[in-house]
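Trainee: Now for the letters of each chain:
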Amino acid sequence: DGGITQSPKYLFRKEGQNVTLSCEQNLNHDAMYWYRQDPGQGLRLIYYSQIVNDFQKGDIAEGYSVSREKKESFPLTVTSAQKNPTAFYLCASGSGSEQYFGPGTRLTVT
Amino acid sequence: AQSVTQPDIHITVSEGASLELRCNYSYGATPYLFWYVQSPGQGLQLLLKYFSGDTLVQGIKGFEAEFKRSQSSFNLRKPSVHWSDAAEYFCAVVLSGGYNKLIFGAGTRLAVHP
Chain A
1 DGGITQSPKY
11 LFRKEGQNVT
21 LSCEQNLNHD
31 AMYWYRQDPG
41 QGLRLIYYSQ
51 IVNDFQKGDI
61 AEGYSVSREK
71 KESFPLTVTS
81 AQKNPTAFYL
91 CASGSGSEQY
101 FGPGTRLTVT
Chain B
1 AQSVTQPDIH
11 ITVSEGASLE
21 LRCNYSYGAT
31 PYLFWYVQSP
41 GQGLQLLLKY
51 FSGDTLVQGI
61 KGFEAEFKRS
71 QSSFNLRKPS
81 VHWSDAAEYF
91 CAVVLSGGYN
101 KLIFGAGTRL
111 AVHP
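Keeping their order, the protein sequence lines are chains A and B. For the first sequence, the numbering used here gives the first residue as 1, with consecutive numbering after it. For the second sequence, the numbering used here gives the first residue as 1, with consecutive numbering after it.
Treat the hints as calculated values from the structure; they're not laboratory data. None of the values given here were measured: they were computed from a predicted structure. Some hints could be false.
As the list claims (entries may be wrong) - Restricting the straight-line Cα-Cα distance to at most 27 Å, the calculated cross-link-like pairs of lysine-lysine (DSS-like) are:
#, chain 1, residue 1, chain 2, residue 2
1, B, Lys101, A, Lys71
2, A, Lys83, A, Lys14
3, B, Lys49, A, Lys71
4, A, Lys9, B, Lys101
5, B, Lys101, A, Lys83
6, A, Lys57, B, Lys49
7, A, Lys14, A, Lys57
8, A, Lys70, B, Lys101
Unchecked claim - Here chain A is said to cover these stretches of chain B; the calculated rule only asks that three of the stretch's residues, wherever they fall, bring their Cβ under 8 Å from a Cβ of chain A:
#, stretch
9, 36-47
10, 100-114
Don't be surprised by glycine CBs; every beta carbon is placed ideally from N, CA and C.
Isolated chain A (complex conformation) (with noise of 0.2 Å):
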């Protein structure tokens, strides 16, 4: 089945630590994008590429590193500088103008 996945669904980690939360597509597309969810704030975008050994911040990129070595994947590191990180993430990629999502990861940093 043709996808994107997310793992884990669940992510604990005492503060201060780094955490790296992992995006796979087999949909053969350019784009991938990281969004973050907060509650009745809609989805913001951290990071997006476009293309392989590309990308680029989005509008909350603070705290947040991405790497894209290869076309399938784009995992996120939070990082420790990242004041708030407790939250929902998700992951998409994209065909033209139309985004697909993943599951999400939800991160609970104590």
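Since chain A is already given, all that's left is putting chain B on it; use the hints.
Mentor: What follows is chain B alone, placed relative to chain A:
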């Protein structure tokens, strides 16, 4: 500033009743328009999209939406709601061209009474 507004945070309807979820956008040009649905703890599923042409678009699960340029609106409708439609609904726009950045509304949470 470019924005998407969903005026209703929560809506409750009875099963079998009709539904309309509102969405307004503020852009100079006509953007590409989308409606997504999200069940609790899940990702987003694309319901329907408008790029150009016929202003009434049909989507999955019996949903439709109408683009009204004069009102900068793209409201989502369903003639008869099912209990399984309870979810959160997001309107989103993309400026034509560029890198396809999706701008989301804050969402409308739909509850369905039996």
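Trainee: Please go over all the hints and tell whether each is borne out by the structure.
Mentor: How the hints compare with the structure:
1. B:Lys101 x A:Lys71: Holds: lysine 101 of chain B and lysine 71 of chain A sit about 19 Å apart, inside 27 Å.
2. A:Lys83 x A:Lys14: holds, 13 Å
3. B:Lys49 x A:Lys71: holds, 26 Å
4. A:Lys9 x B:Lys101: holds, 25 Å
5. B:Lys101 x A:Lys83: holds, 24 Å
6. A:Lys57 x B:Lys49: Roughly 26 Å between the alpha carbons, so the hint for lysine 57 of chain A and lysine 49 of chain B holds.
7. A:Lys14 x A:Lys57: holds, 25 Å
8. A:Lys70 x B:Lys101: holds, 21 Å
9. 36-47: Held - the stretch 36-47 of chain B has 7 residues with a Cβ nearer than 8 Å to chain A, which meets the minimum of three.
10. 100-114: Coverage by chain A holds here, the residue count being 7 at a Cβ distance below 8 Å.
Hint check: no violations occur; every hint is consistent with the structure.
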